[in-house]
Structure formats: C-alpha cells, structure tokens
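> Mapping of the sequence shown onto the UniProt record's numbering: residues 1 to 170, in sequence order.
Check each hint, because a few of them may be wrong.
As the list claims (entries may be wrong) - With a straight-line cut-off of 20 Å between C-alpha atoms, the simulated PhoX-like cross-links for lysine-lysine are:
hint: 1; residue 1: Lys83; residue 2: Lys70
hint: 2; residue 1: Lys153; residue 2: Lys70
hint: 3; residue 1: Lys124; residue 2: Lys153
hint: 4; residue 1: Lys63; residue 2: Lys124
Worth flagging that the hints you see were computed from the coordinates, not collected in a lab.
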Amino acid sequence: HTLPCLSVSLPLMLSSARVARCFLASRPALARRPVLSAVRSLASDSHDDFKPQRQAPDLSDEKAVLELIKQHVEEHPILLYMKGTPSAPQCGFSQQVVRILHATGVDFSSINVLEHPEIREGIKLYSDWPTIPQLYVGGEFVGGCDIVTEQFKSGDLQEMFKQQNLLTDE
Numbered sequence: 001h002t003l004p005c006l007s008v009s010l011p012l013m014l015s016s017a018r019v020a021r022c023f024l025a026s027r028p029a030l031a032r033r034p035v036l037s038a039v040r041s042l043a044s045d046s047h048d049d050f051k052p053q054r055q056a057p058d059l060s061d062e063k064a065v066l067e068l069i070k071q072h073v074e075e076h077p078i079l080l081y082m083k084g085t086p087s088a089p090q091c092g093f094s095q096q097v098v099r100i101l102h103a104t105g106v107d108f109s110s111i112n113v114l115e116h117p118e119i120r121e122g123i124k125l126y127s128d129w130p131t132i133p134q135l136y137v138g139g140e141f142v143g144g145c146d147i148v149t150e151q152f153k154s155g156d157l158q159e160m161f162k163q164q165n166l167l168t169d170e
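Whole structure, please, built from the sequences with the hints as guidance.
Following this line, the structure appears as structure tokens:
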C-alpha cells in the first residue's frame, strides 16, 4: 500500500516470501499455513509519475507530525511502528512483535522510526507511550512488546484480529 504521506517517503518494507518461508519452516506447526504477503509497504522505487503529487508537510511542526501519524494509523488496519523493518528488525522488541504478527497470519504495515526521528518522537506523544515498538489495530493503540506478547499468549490478540476480520488465513 502507498501511504498518502505527502511527498515524505516513510519506507514501509515489504516482507519477502523467502523470509516468511524461512520463519515458518523453522516452526513446523506454522509451516502448514499458506505463505502470504505479511507486510504492506510504500513503494519507494515507484516512478515519479505514479507517486502522489502533494506538498510535503513541515515535519518540524509537531502538529503536522501528529496529524500524519493519525492519518497512517487510521488508514492501515494493522500498523506497527518499529525500529528497523520486518525483514531486518533493529531491536529485539521489534523483532518479537514482528514474529508474533507473522505467527498470527495477519497482513500488517510497518514504519521504520529509525529513518524518521520526527516520527519516532511524535509516535510517543501520539500514544502517550514511551517505547517502541507500538502496535495499532483498527486505529487503536494496542501496546508495546510486553502487552502484545501477553495478548498473544492469552489468545486475546488473535481474538481481536478475528473480531475485526483481519485474519487472512482462515
């Protein structure tokens, strides 16, 4: 998916089927599930003629950053603000949440906050949560790594996805 984030290119990285197969192959219980495109992304390599033609916001303005975050959160059913990308997480907590999302079989979008310091700080203000990663489902903040892990272990995360018709492999 392409985020209409004006001309700011927030790279949402597309998880490759190879990474998903490798992940699933190491987990026999999950290997029976079909390999699906797990992550939606911004196509940063798209030709300029096909990119949205909008004026870039001044991301030094806190209000503009918060508005951009709000737009992203509302447009993507499952959105993960993380350090790194799903195929190359840059912290163990982000990696843990990516693994959980892959294990549930949902499609999700992600934003690498390491490439955008203004988003990295803005997301903490937006959610009133001090750490990254941050998971949003249906426009609502779910939590960070510890909360997502607990919800996954209890089955609450899967139930949330099911109630919002976000499970892709059922």
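> Decide if the proposed pair is consistent with the structure: Lys63 and Lys124, CA atoms, cutoff 20 Å inclusive.
holds, 13 Å
> Are the Cα positions of Lys124 and Lys153 separated by 20 Å at most?
Distance of about 25 Å is beyond 20 Å: violated.
> Could you grab the alpha-carbon distance between Lys83 and Lys70 and see if it respects the 20 Å cut-off?
holds, 19 Å
> Would you mind confirming whether the straight-line C-alpha gap from Lys153 to Lys70 stays at or under 20 Å?
violated, 28 Å
Of the hints listed earlier, those the structure fails to meet are numbers 2, 3, in rising order.
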